[in-house]
Amino acid sequence: MSGRDYLRETPSQTAGPYVHIGLTPNLLGTRVYPGDLGTSPIREGARGERITITGTVRDGAGMVLRDVLLESWQADADGIYPGGDPRGPADPNVTGWARIAADFETGEWRLETIKPGRAPCPDGRPMAPHVALWIVARGINTGLQTRVYFEDESEANAACPVLARIEHKERVQTLLARRVGAGDYRFDIVLQGAGETVFFDL
Amino acid sequence: MDSGPFYPRDRGWHPPAYTPGYKTSMTRAPSRPLVALGSTLSEETGPVFGRDMLGPRDNDLVLNFTGEPALGERIIVHGRVLDENARAVPGVLIEIWQANAGGRYRHRNDGYLAPLDPNFGGCGRTVTGADGTYEFRTIRPGAYPWPNGVNDWRPMHIHFSVFGSGFGQRLITQMYFEGDPLIARCPIANTLAPEAREALVAPLDMHRAIPMDALAWRFDIVLRGRRQTFFENRAEGL
Ligand SMILES: [Fe+2]
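As given, the protein sequences belong to chains A and B, one line each in that order.
At position 141 of the first sequence the residue is numbered 435 (the working numbering), and the sequence of numbers has no breaks.
At position 227 of the second sequence the residue is numbered 472 (the working numbering), and the sequence of numbers has no breaks.
Worth flagging that the hints you see were computed from the coordinates, not collected in a lab.
We treat Cβ as the ideally placed atom computed from N, Cα and C, and that holds for glycine.
Be a bit skeptical, because a hint or two may be false.
Restraint-style ranges between C-beta atoms, simulated for each label pair [unchecked claim]: (1) B:Pro261 with A:Asp478: 43 to 53 Å; (2) A:Gly382 with B:Met298: 16 to 26 Å; (3) A:Lys463 with B:Glu380: 46 to 56 Å; (4) B:Pro314 with A:Asp330: 55 to 65 Å.
With a straight-line cut-off of 20 Å between C-alpha atoms, the simulated SDA-like cross-links for lysine to any residue are [claimed, not checked]: (5) A:Lys463 with B:Arg277; (6) A:Lys409 with A:Gly332; (7) A:Lys409 with A:Gly356; (8) B:Lys268 with A:Glu461; (9) A:Lys409 with A:Gly323; (10) B:Lys268 with B:Arg385; (11) A:Lys409 with A:Glu490; (12) A:Lys463 with A:Gly489; (13) A:Lys463 with B:Arg430; (14) A:Lys463 with B:Ser276; (15) A:Lys463 with A:Val474; (16) B:Lys268 with A:Lys463; (17) A:Lys409 with A:Met357; (18) A:Lys463 with A:Ala476; (19) B:Lys268 with A:Gly356; (20) B:Lys268 with B:Arg430; (21) A:Lys463 with B:Pro400; (22) A:Lys409 with A:Gly487; (23) B:Lys268 with A:Gly378; (24) A:Lys463 with B:Ala429; (25) B:Lys268 with A:Arg432; (26) A:Lys409 with A:Ala340; (27) B:Lys268 with A:Leu470; (28) B:Lys268 with A:Glu447; (29) B:Lys268 with B:Arg442; (30) B:Lys268 with B:Pro400; (31) A:Lys463 with B:Gly300; (32) A:Lys463 with B:Ala281; (33) A:Lys463 with A:Glu447; (34) A:Lys409 with A:Arg432; (35) B:Lys268 with A:Arg393; (36) A:Lys463 with B:Arg442; (37) A:Lys409 with A:Asp446; (38) A:Lys409 with A:Ala355; (39) B:Lys268 with A:Met357; (40) B:Lys268 with B:Arg472.
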C-alpha cells in the first residue's frame, strides 16, 4: 500500500522451530489451556463424505520436515464456508478449520474431515472442491498457501477457474490428492525443486 | 461480518522466501513464482474465535503455567490490531510464544544450556476487543544462540500468530524490543528490509508501565485490508 491514509501490513517472520509451544502446547505436554485448538474441522453429525488426507512436506534436498505445522480451511459439503460466508450459515457441525502438526518422528500429517462442496469464484463460476492449506515451519519466512484438490473430481477440476490460471498445466497435478483407498487420499507437498507444489498468492 | 476481496500482499515488504543469511530457508523456499490471483471465498472467510473460549489467565504468562510467578523482568505487551484501511479489527485471536528469561524454550527440541523455569510455560493467547486492542503480561524473554552462523544470537523476541476475519489474513511474525543491539545482527530479522524490520520493533511505553511492578511495550499489528467499493464488477474474471 502506498496511499497516505493506508497502513502497511505487518511483515511476516518465520514461525521457527518452536511454533508448537504457541499453537499446540498440549501436544508438547504444556498444560496452559484445556486443549489445543483446531483438533478437528468437523463435529459428530457433519454432513458429507468422510475422508482422510495424509501426507508429508519435503524440502529441496528431499528431507521430510518433522517440524512443520499446517492449518486447513474448507467449506461444508454444500460448499458453504462456516466463517462469514455471505451466502448464509454452513452446516453447524462443520467448523472448517484444523491445525495439524506433523509427527515429530515421521513427519506425517493427517487430516480427518469431510469432502467439501464447490464454492463459487467471485465471478460466480464454481471452484472445484478443495481444502485450503497454510504451511509454516522453521526456514519458511512467510506462511505458504496451497490447496488440496481431489484427483477423482476431474470434471469439477477441469472447470475450476483457479486451477485454470496455473500456466504450466503439468503443475496442476501437484495440487491433486491421490485416492489411495475408500475415502483415503494422499497429498505430499514438495517445497522446492522437482515436483514442486504450486503455492498461491491469493 | 467483514466480506470482500483482500488487497494483494506486498511481497516486496514481506521477506523473500530465499534468504541465504538464514540458512534453513535455502532448501525450504519455493523456487517457482507464487501463482497470484485475487482472493476468493476460501481466503475471504475464516474461523471465528470468541472471547468465551479464553481462560482468565490465558494472556498472563507470568502466572498461567503453575499459578506461581515466572522468573524475569515483568512486562506488559499491548497494542491494537488494525487492517490496511486503518480500521480496528475486533475478535482477532492472537497466540504468542517465547523463551523464558534465560533464553530457553519449553520444547522437546530446545537443548540450550540455560535452565527451564518451572513456573514458565511460554505461551499465551487473547482475542482483541471491539476497538482492536489486546494485552499480555509476561516476562521479557532472554536472547539465545542458535545454529546458523558460528555465533548467531536471536534478539529478545516474542512470536505472534494472528488471525483476521479471513484465512487469507493469516500471519505469523515476531516482535522485537526497542534498543536491542542484536536486532540489526540477526539473520532472521534481516530477512526483512530495514524499514519493514522497524515495523516489528516495539517501543517502550512508559504510559502503560505499572510503577513498581512492570514495564510496558507497545506492538500494533496490521492485517490485510479489504477493498471497499460500491462499483465492484465481479463479471470480469477473478
Ligand atoms: Fe524464537
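Hints versus structure:
1. B:Pro261 with A:Asp478: 43 to 53 Å: violated, 37 Å
2. A:Gly382 with B:Met298: 16 to 26 Å: holds, 24 Å
3. A:Lys463 with B:Glu380: 46 to 56 Å: Holds, since A:Lys463 and B:Glu380 (Cβ atoms, about 50 Å apart) stay within the stated range.
4. B:Pro314 with A:Asp330: 55 to 65 Å: violated, 25 Å
5. A:Lys463 with B:Arg277: With Cα atoms ~14 Å apart, A:Lys463 and B:Arg277 stay inside 20 Å; holds.
6. A:Lys409 with A:Gly332: holds, 17 Å
7. A:Lys409 with A:Gly356: violated, 29 Å
8. B:Lys268 with A:Glu461: violated, 30 Å
9. A:Lys409 with A:Gly323: Status violated; Cα separation ~31 Å.
10. B:Lys268 with B:Arg385: With Cα atoms ~27 Å apart, B:Lys268 and B:Arg385 exceed 20 Å; violated.
11. A:Lys409 with A:Glu490: violated, 24 Å
12. A:Lys463 with A:Gly489: Holds, at roughly 13 Å.
13. A:Lys463 with B:Arg430: Cα-Cα ~43 Å, so violated.
14. A:Lys463 with B:Ser276: Roughly 17 Å between the alpha carbons, so the hint for A:Lys463 and B:Ser276 holds.
15. A:Lys463 with A:Val474: Answer violated: A:Lys463 to A:Val474 is near 23 Å, above 20 Å.
16. B:Lys268 with A:Lys463: Given that 20 Å is the threshold and the Cα spacing comes to 32 Å, the pair is violated.
17. A:Lys409 with A:Met357: violated, 29 Å
18. A:Lys463 with A:Ala476: violated, 27 Å
19. B:Lys268 with A:Gly356: holds, 16 Å
20. B:Lys268 with B:Arg430: Distance ~15 Å between B:Lys268 and B:Arg430 Cα, so the pair holds.
21. A:Lys463 with B:Pro400: violated, 44 Å
22. A:Lys409 with A:Gly487: violated, 29 Å
23. B:Lys268 with A:Gly378: violated, 39 Å
24. A:Lys463 with B:Ala429: With Cα atoms ~43 Å apart, A:Lys463 and B:Ala429 exceed 20 Å; violated.
25. B:Lys268 with A:Arg432: holds, 10 Å
26. A:Lys409 with A:Ala340: holds, 11 Å
27. B:Lys268 with A:Leu470: Violated, at about 30 Å.
28. B:Lys268 with A:Glu447: violated, 39 Å
29. B:Lys268 with B:Arg442: holds, 19 Å
30. B:Lys268 with B:Pro400: Measuring from Cα to Cα gives roughly 17 Å; hence the hint holds.
31. A:Lys463 with B:Gly300: violated, 49 Å
32. A:Lys463 with B:Ala281: With Cα atoms ~15 Å apart, A:Lys463 and B:Ala281 stay inside 20 Å; holds.
33. A:Lys463 with A:Glu447: holds, 17 Å
34. A:Lys409 with A:Arg432: Violated, at roughly 30 Å.
35. B:Lys268 with A:Arg393: violated, 26 Å
36. A:Lys463 with B:Arg442: Violated. A:Lys463 to B:Arg442 sits at ~37 Å, over the 20 Å cutoff.
37. A:Lys409 with A:Asp446: holds, 12 Å
38. A:Lys409 with A:Ala355: At roughly 32 Å apart (the allowed maximum being 20 Å), A:Ala355 and A:Lys409 break the hint.
39. B:Lys268 with A:Met357: holds, 15 Å
40. B:Lys268 with B:Arg472: At roughly 37 Å apart (the allowed maximum being 20 Å), B:Arg472 and B:Lys268 break the hint.
In terms of the numbered hints stated before, the structure departs from hints 1, 4, 7, 8, 9, 10, 11, 13, 15, 16, 17, 18, 21, 22, 23, 24, 27, 28, 31, 34, 35, 36, 38 and 40, listed from lowest to highest.
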